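Participant: If you want the building blocks of each chain, they are given just below.
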Amino acid sequence: MKIGVLVSEGPYTHEAVDSAYNFVKAALAAGHEVPRVFFYHDGVNVSTRLSVPPQDERNIQENWTNLAKEHGVDLVVCIAAAQRRGILDKNEAERQGKDADNIAEGFRISGLGQLIELGIQADRLVTFGD
Amino acid sequence: MKIGVLVSEGPYTHEAVDSAYNFVKAALAAGHEVPRVFFYHDGVNVSTRLSVPPQDERNIQENWTNLAKEHGVDLVVCIAAAQRRGILDKNEAERQGKDADNIAEGFRISGLGQLIELGIQADRLVTFGD
Amino acid sequence: MSDVKKFLYVNRKAPYGTIYALESLEVVLIGAAFEQDVALAFLDDGVFQLTKSQETDGIGCKNFSPTFRALGDYDVTRLYVERESLEERGLTEDDLQEIMYEDEDDDWAEKPSICVISRAEMADVMAEQDVILSF
Amino acid sequence: MSDVKKFLYVNRKAPYGTIYALESLEVVLIGAAFEQDVALAFLDDGVFQLTKSQETDGIGCKNFSPTFRALGDYDVTRLYVERESLEERGLTEDDLQEIMYEDEDDDWAEKPSICVISRAEMADVMAEQDVILSF
Amino acid sequence: MSTLHTVNKSPYMTQSLVSCLNHCKEGDAVLMIEDGIYGGLAGGQMAPIVEEMGKKVSLYVLTPDMAARGVDSSRLLEGIEGVDYTGFVELVTKHDRTQAWL
Amino acid sequence: MSTLHTVNKSPYMTQSLVSCLNHCKEGDAVLMIEDGIYGGLAGGQMAPIVEEMGKKVSLYVLTPDMAARGVDSSRLLEGIEGVDYTGFVELVTKHDRTQAWL
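Going down the list, the sequences are from chains Y, B, H, F, L and G.
With the working numbering as the guide, the letters of the first sequence map in order to residues 1 to 130.
With the working numbering as the guide, the letters of the second sequence map in order to residues 131 to 260.
With the working numbering as the guide, the letters of the third sequence map in order to residues 261 to 395.
With the working numbering as the guide, the letters of the fourth sequence map in order to residues 396 to 530.
With the working numbering as the guide, the letters of the fifth sequence map in order to residues 531 to 632.
With the working numbering as the guide, the letters of the sixth sequence map in order to residues 633 to 734.
No lab work stands behind these hints: they were computed from the structure.
The model shown is predicted, which means the values in this text are computed figures rather than measured ones.
Hints should not be assumed to be uniformly reliable.
[To be verified] Taking lysine-lysine and the DSS-like style, the derived pairs with C-alpha atoms no more than 25 Å apart in a straight line are:
id	chain 1	residue 1	chain 2	residue 2
1	Y	LYS98	B	LYS228
2	Y	LYS98	B	LYS199
3	B	LYS228	Y	LYS69
4	L	LYS555	B	LYS155
5	Y	LYS25	F	LYS457
6	Y	LYS2	G	LYS688
7	H	LYS266	G	LYS657
8	Y	LYS98	B	LYS220
9	L	LYS624	F	LYS400
10	F	LYS400	B	LYS132
11	L	LYS585	B	LYS132
12	F	LYS401	L	LYS555
13	Y	LYS90	B	LYS228
Just chain Y, same shape as in the assembly (with noise of 0.2 Å):
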């Protein structure tokens, strides 16, 4: 089964994110497809390279960025709500003027029609938020 999912919460401040982590693992095991993963609202401040988490919590981001290496999981960000929040990619940086971008390895920046298509395409949509 195809199985879209949706990350409404920010790394480390609430569950949600380790909530849907752990569920598109398991859901990957048990053979279905999970071909876009969905960070809106707070969600797309997980898809940042600079956090440093203390060395005996896990690293949220570098989690999704192998999630997706292995398994071929697409990392959207939603691009409205990512410029509100300061999350930035190479190109978008140099289109706002800003001097640094921030965003990780295995996510990309993108519209809020990848979460429609995500919703039309998939077999079910779960949202993980607050």
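Given the coordinates of chain Y, assemble chains B, H, F, L and G onto it according to the supplied hints.
Facilitator: This is chains B, H, F, L and G only, laid out in the frame that chain Y set:
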């Protein structure tokens, strides 16, 4: 009177940051001193200079930066909370081996001791959070 | 399965205190371009999103309540509001904005988009969707 | 005013669902170095922070509950827990971790740090503070 | 000695206002801000609880947050006073401490 | 046709579980995750409400979230079933749609 302020939620996501800003402006206008605003939890995300809010919306980071400039308010971002969430200044970025930093002018990163010190020195401490 | 799915946007939170109401509306506007079967549900504190006379200058946030009145132009014409949620909060339909759309199947007659329904009817609406997005 | 102030850390939220409980504890640990008069309050869902046998491997988060047992070493020895909050949740003091400290004024005798008090007593504790930090 | 309590959540969604009122002392003040302002609504299900507590403590609502949400002062419970941010600051200075019910 | 509802908030702090239960249809399932697992506690004030609704819908609790919070399955209301993440995925596939009560 010396009034300290603690901000515990992120920009745009929660009104807490706006309430704190409006409160601090009113306190200064009434002749009180606001020696420091301490940003904790997702509040640290206020300090990113990479945010690009829509043109018809307030720019929360710029508002705070201007307030610091005009009134000498000390804007302190908690280092532990900031590292988890990917907020770095130049020094921290170098120390952590990160290729970019994102803190805005007017904010400085420091320890939780600055919050306790504020609690000790201020006549009142007002918290805005979720 | 046909290419058209039933999408329901469920709004349970008050406006301005958090960004969910505003960012929910942004999804609705973008989603309108996909020609799906779209409806919005307002229950619990979500009913506060539709109140009249919102005026946000004093808090410095953007007033997005007029956007609800533009939804008809995007062919989003069904806004279900839960009666019990209104009553619990001491509100009536008169406290809500008037939101109209032009019905192209009825000679462009102006019709109200807001439909106040009971809790049981809201449960029925939810149970017939393909995709439910919660805010 | 003396240099020593009464600080109360008020914990009303459950652990793990959000980071507030963990980051509250981080403030308490740093704050301990400032030699103020410190106490912690646990009420509403905050009482869940102190339950026994927390085991977080299955969700991948750090289990910070053992840190409460180390608070005595930082001279944080007063953890007020509201009885009504426990009762509403079907909990008793037996469901909470045993948290002890050594009383230097009483020949280092081991004493419990947790003090279960009534709601009215909790209101009294709150009303005698200089600084209240809420998480 | 008295406390200014702030509540920023709707009492129709969370326990914060009730928990706050349960811990107030005579002479305290409660200021409802952000989504908390809905606690001041007359006619709602929470009104009787809030009204009862208003006998013990002074109740305030932040007017800019009311205006944002389209709540006119005529909709407030009797005895609740509207204050702007300047009034908020005054309440902070007038009471000995501020406690946020987040 | 049936729905899997997820609830991730404590019913002692917010209205989410009650609101969810008020909108369930016969044959639906409710999965309590994260802080929502406290909704499964026997002996608490919310237990009678949850128990009553359990007659209409199937109630589940996510066991890794229970373990994290030190809640043993012996503390659960009768009739509530524990599932791990694999069970969560199965519930999603078994029901026609998933609705999150955030």
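Participant: Please verify whether Y/LYS2 and G/LYS688 have alpha carbons no more than 25 Å apart.
Facilitator: 29 Å, violated
Participant: Hint check: L/LYS555 vs B/LYS155, CA-CA at most 25 Å. Holds or violated?
Facilitator: This hinted pair is violated, its Cα atoms lying about 30 Å apart.
Participant: Do the alpha carbons of Y/LYS98 and B/LYS220 lie within 25 Å of each other, as the hint requires?
Facilitator: 15 Å, holds
Participant: CA of L/LYS585 to CA of B/LYS132, is that 25 Å or under?
Facilitator: 31 Å, violated
Participant: Check the hint pairing F/LYS400 with B/LYS132 against an upper bound of 25 Å on the C-alpha distance.
Facilitator: Holds, at roughly 15 Å.
Participant: For the pair supplied as a hint, Y/LYS25 and F/LYS457, confirm whether the alpha-carbon distance does not exceed 25 Å.
Facilitator: OK: Y/LYS25 and F/LYS457 at ~19 Å, within 25 Å.
Participant: Y/LYS98 and B/LYS199 were given as a pair; does the straight-line alpha-carbon distance stay at or below 25 Å?
Facilitator: Holds. Y/LYS98 to B/LYS199 sits at ~21 Å (cutoff 25 Å).
Participant: Straight-line Cα separation of H/LYS266 and G/LYS657 no greater than 25 Å?
Facilitator: 18 Å, holds
Participant: Quickly compare the C-alpha distance for Y/LYS98 and B/LYS228 to 25 Å and report which way the hint goes.
Facilitator: Given that 25 Å is the threshold and the Cα spacing comes to 17 Å, the pair holds.
Participant: Would the pair B/LYS228 and Y/LYS69 pass a check requiring their Cα atoms to be no farther apart than 25 Å?
Facilitator: 21 Å, holds
Participant: Measure nothing beyond the straight line between the CA atoms of L/LYS624 and F/LYS400; if it is 25 Å or shorter, mark the hint as holding.
Facilitator: Satisfied, since the Cα-Cα distance of roughly 19 Å is no more than 25 Å.
Participant: Y/LYS90 and B/LYS228: Cα distance at most 25 Å?
Facilitator: 15 Å, holds
Checked against the numbered hints above, the structure violates hints 4, 6, 11; every other hint is satisfied.
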